[in-house]
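Novice: Okay, here's what each chain looks like letter by letter:
Protein chains: 2
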Amino acid sequence: MIRAHVPDIVVGRLPIYLRVLNYLLAEGRQITSSQELGDRLGISSAQIRKDLSHFGEFGKQGTGYDVRYLRDQIERILHVDRDWNVVLIGAGDLGHALAHYHRFAENRFNIVGVFDNDPNKIGKPLGKFVIRGMDELEQVIREQNVKMGIIAVPAAAAREVARTLIDYGITALLNYAPITIIAPVGVRVQYIDPVARLQHMAYYIGKENGEES
Amino acid sequence: MIRAHVPDIVVGRLPIYLRVLNYLLAEGRQITSSQELGDRLGISSAQIRKDLSHFGEFGKQGTGYDVRYLRDQIERILHVDRDWNVVLIGAGDLGHALAHYHRFAENRFNIVGVFDNDPNKIGKPLGKFVIRGMDELEQVIREQNVKMGIIAVPAAAAREVARTLIDYGITALLNYAPITIIAPVGVRVQYIDPVARLQHMAYYIGKENGEES
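Chains as they are written, first to last, in the working numbering: chain A, 454 to 666; chain X, 454 to 666.
Because the hints were derived from the structure by calculation, they are not lab data. Note that the structure is predicted; figures quoted are calculated from it, not measured. Beta carbons are placed, not taken as given, at the ideal position from N, Cα and C, and that holds for glycine. Please note: incorrect hints may appear among the correct ones.
[Stated by the list, open to error] DEER-style ranges, computed between Cβ atoms:
hint, chain 1, residue 1, chain 2, residue 2, range
1, A, Glu510, X, Lys660, 15 to 23 Å
2, X, Gly509, A, Gly481, 52 to 60 Å
3, A, Arg616, X, Lys577, 35 to 43 Å
4, A, Arg616, X, Ala479, 14 to 22 Å
5, A, Gly481, X, Gln500, 45 to 53 Å
Given only the sequences and the hints, what does the whole structure look like? Please build it.
Specialist: Here's what the structure looks like:
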């Protein structure tokens with residue numbers, strides 16, 4: 454299906470819809486409505502209908518959505534009805550937590566290698582992985598057709614790691630380092646920055662506490 | 454200063470501006486421009502000027518911004534020119550990584566307690582903390598004037614933990630569990646969901662790989 458440009462903010466909500474649909478399925482539910490989805494997500498039902506309308510017709514007026522069908526369609530739209538191989542760069546505290554994070558594999562994002570440049574770490578086990586040197590990165594990416602990389606190295610190293618990953622053909626970077634990565638066209642970057650999220654909330658709760666700003 | 458409503462998306466960019474200004478300061482820079490900030494962040498200089506204009510006049514036409522002054526002003530606007538006490542709920546793999554995450558304290562978000570409901574964990578050390586039972590949570594929140602909580606418990610427990618935190622006076626939740634929290638007015642929730650971020654990127658890179666959707 455060829456479709457018109459979908460706003461990125463709409464694409465960003467699809468994983469949230471997918472998640473709630475999976476919870477409904479797990480509860481044994483067969484039919485849902487934009488009203489129910491909205492209530493569970495704190496989003497208006499009109500917004501949900503509008504978001505989904507970018508991708509087609511998924512429900513009938515008055516009968517709601519078939520939970521499994523809508524779930525399957527959103528998986529297909531997001532291209533997550535398939536496995537994605539992922540490399541993880543950085544085997545520090547954060548890399549350890551990510552290597553153990555079962556939700557990646559549960560959602561078909563399979564970490565196929567953990568890499569670090571620290572000679573003291575290379576060759577050591579990390580969960581079910583053995584930490585590899587960066588000199589093995591290119592081969593793993595090419596042989597396993599990896600398109601996604603997770604950056605869990607310190608800020609000072611992150612830009613070079615990103616460049617290396619992009620050179621080797623990675624087109625989606627999940628960056629945990631607190632730096633902005635300027636990527637070439639065709640490469641996507643998403644950020645995980647808990648400090649920025651706390652600062653974002655401090656803006657509001659400082660205000661509500663009556664502090665000047 | 455009383456100011457008009459600022460769009461949330463603009464507020465969300467302030468932490469990013471703050472970060473790059475801190476890097477510039479660390480590099481010994483005294484003056485910068487919206488052009489330079491934009492180049493470093495992949496944002497247009499016009500966008501940066503427009504964002505900052507919501508909060509006042511921070512630079513002079515032709516002379517740019519004083520890095521330290523602008524940094525200080527953004528810290529003040531975000532209310533992060535002060536310490537915030539934070540409680541961390543959940544002492545599993547993720548809780549461990551978060552308890553060791555030095556960027557919280559570096560940015561004046563001070564974890565004052567790590568809590569879990571698992572009797573096998575309570576009383577055990579976790580980095581510089583001793584894991585406490587949930588029965589101690591209310592007292593810590595009240596005595597240390599905690600307004601922020603980090604939820605690092607499994608999805609099945611997260612909603613109840615959120616409710617408890619809100620009951621005890623927390624008004625900002627950083628939620629790592631893969632569920633949506635419907636919070637009352639006055640309570641902010643931000644989400645950290647790496648799976649949703651990977652799914653978001655899969656939409657694009659699946660498409661660019663020529664897959665149907």
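Novice: For which of the previously enumerated hints does the structure constitute a violation, in increasing order of number?
Specialist: none
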